Amino acid sequence: MHISSDQMATLTMQRRVRFIERLAGFIESKTQRSPERTALADLFSRAMGYGMTTEQQVAGYITLAWASGAHEATIDPDWIADVMNDPFRVADDKVKALFDKADRFPRGRAAVST
Amino acid sequence: MSFFSDLWDEIVNIFSSAPATSPVVPCAGCGALTPEQAQQWFDHFKSRTDIPWNYPNDCCYNRAEVMDQEMSAAGVQAGKVWNYAPDISHPLRVDTPNDPDGFVEWGYHVAPTVPVMVNGVTTPMVLDPSIASGPVTPQQWKDMQSQPGSQLVLTDATPYYRAPDGRVTATPDAAQIARVFDQHRADRAANWAGR
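Order-wise, the sequence lines are chains A and B.
The working numbering numbers the first residue of the first sequence as 4 and each following residue consecutively.
The working numbering numbers the first residue of the second sequence as 378 and each following residue consecutively.
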């Protein structure tokens, strides 16, 4: 069975919307705040620009970026941008490095709560 | 464990490793080799005379690269597995007849992996003719290097060299890769000279 490029574009958009909904639910469960879908969509585009491709990579980046307030600015804070723009890391390592960095922050600075 | 490590673990459990946008999701097991095919690739590489298998002292990154390039060109979803010694005083160690001392020690080692389907389950298997006689699991491969404290990392085929902190080095072109093999053949000859 073949599908047209229009059908592929529609399926891609549907998958993206469903993913953002799932991610919004996850972030809300962690922060007790409901993220705006447009903010997550903007961060999603940023994630693609950084070379993130898998659900885990995109979700990891967006969760930390949103919790850091990155969606309220046009660029990411330095601690995120430095890692995500590092040409010597593959995508999986970028996300892992972000979480390692977040773990080293003084307690209470991170915006995500248990 | 710390808060963000736990958060990352949750994300890995909830979200998949499939593309976040593409509706084309690879089916589990698609592209996996049979154990026989994995052994055929292993035997094929072992017979490649341009690869200096008898110089275990160095060259693993170059060997892994050329094997991955050939398998990727053939449509095999090859990857790499990296094993890092915990520190300089606790190196990886492998006994070998290919060094006058009878053993070699490394700070790290790398080899290609291929997905292999066994009893309906796909698992990565390591192809490393420099130290094994056939495909082995990553854990078996790690155990062969006699360093319980070492760290195993699986990646895709991309990194030519990957440092323990995740930084990678760009892949050189084919001519440079061939020169590395030439250099290591010369290094082997020098290593045995007068011994």
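Derived by calculation from the structure, the hints in this document are not laboratory data.
For clarity, every value in this text was computed on a predicted model and none was experimentally measured.
Glycine included, every Cβ here is placed at the ideal spot set by N, Cα and C.
It cannot be assumed that every hint is accurate.
To be verified - Here are the simulated EDC-like pairs of lysine to aspartate or glutamate, each with C-alpha atoms no more than 16 angstroms apart in a straight line:
#, chain 1, residue 1, chain 2, residue 2
1, A, K33, A, D45
2, A, K33, B, D383
3, A, K33, B, D386
4, A, K99, B, D472
5, A, K33, B, D420
6, B, K519, B, E482
7, A, K33, B, E482
8, A, K104, B, E482
9, A, K99, B, E482
Unchecked claim - Here are some chain B residues pointing at chain A (derived, C-beta under 7 angstroms):
#, residue
10, S394
11, V495
12, N496
Here is how each hint holds up against the structure:
| no. | hint | verdict |
| --- | --- | --- |
| 1 | K33/A - D45/A | 20 angstroms, violated |
| 2 | K33/A - D383/B | 12 angstroms, holds |
| 3 | K33/A - D386/B | 13 angstroms, holds |
| 4 | K99/A - D472/B | 34 angstroms, violated |
| 5 | K33/A - D420/B | 51 angstroms, violated |
| 6 | K519/B - E482/B | 13 angstroms, holds |
| 7 | K33/A - E482/B | 46 angstroms, violated |
| 8 | K104/A - E482/B | 32 angstroms, violated |
| 9 | K99/A - E482/B | 29 angstroms, violated |
| 10 | S394 | 5 angstroms, holds |
| 11 | V495 | 25 angstroms, violated |
| 12 | N496 | 27 angstroms, violated |
In this structure, the earlier hints numbered 1, 4, 5, 7, 8, 9, 11, 12 are contradicted, and the remaining ones agree with it.
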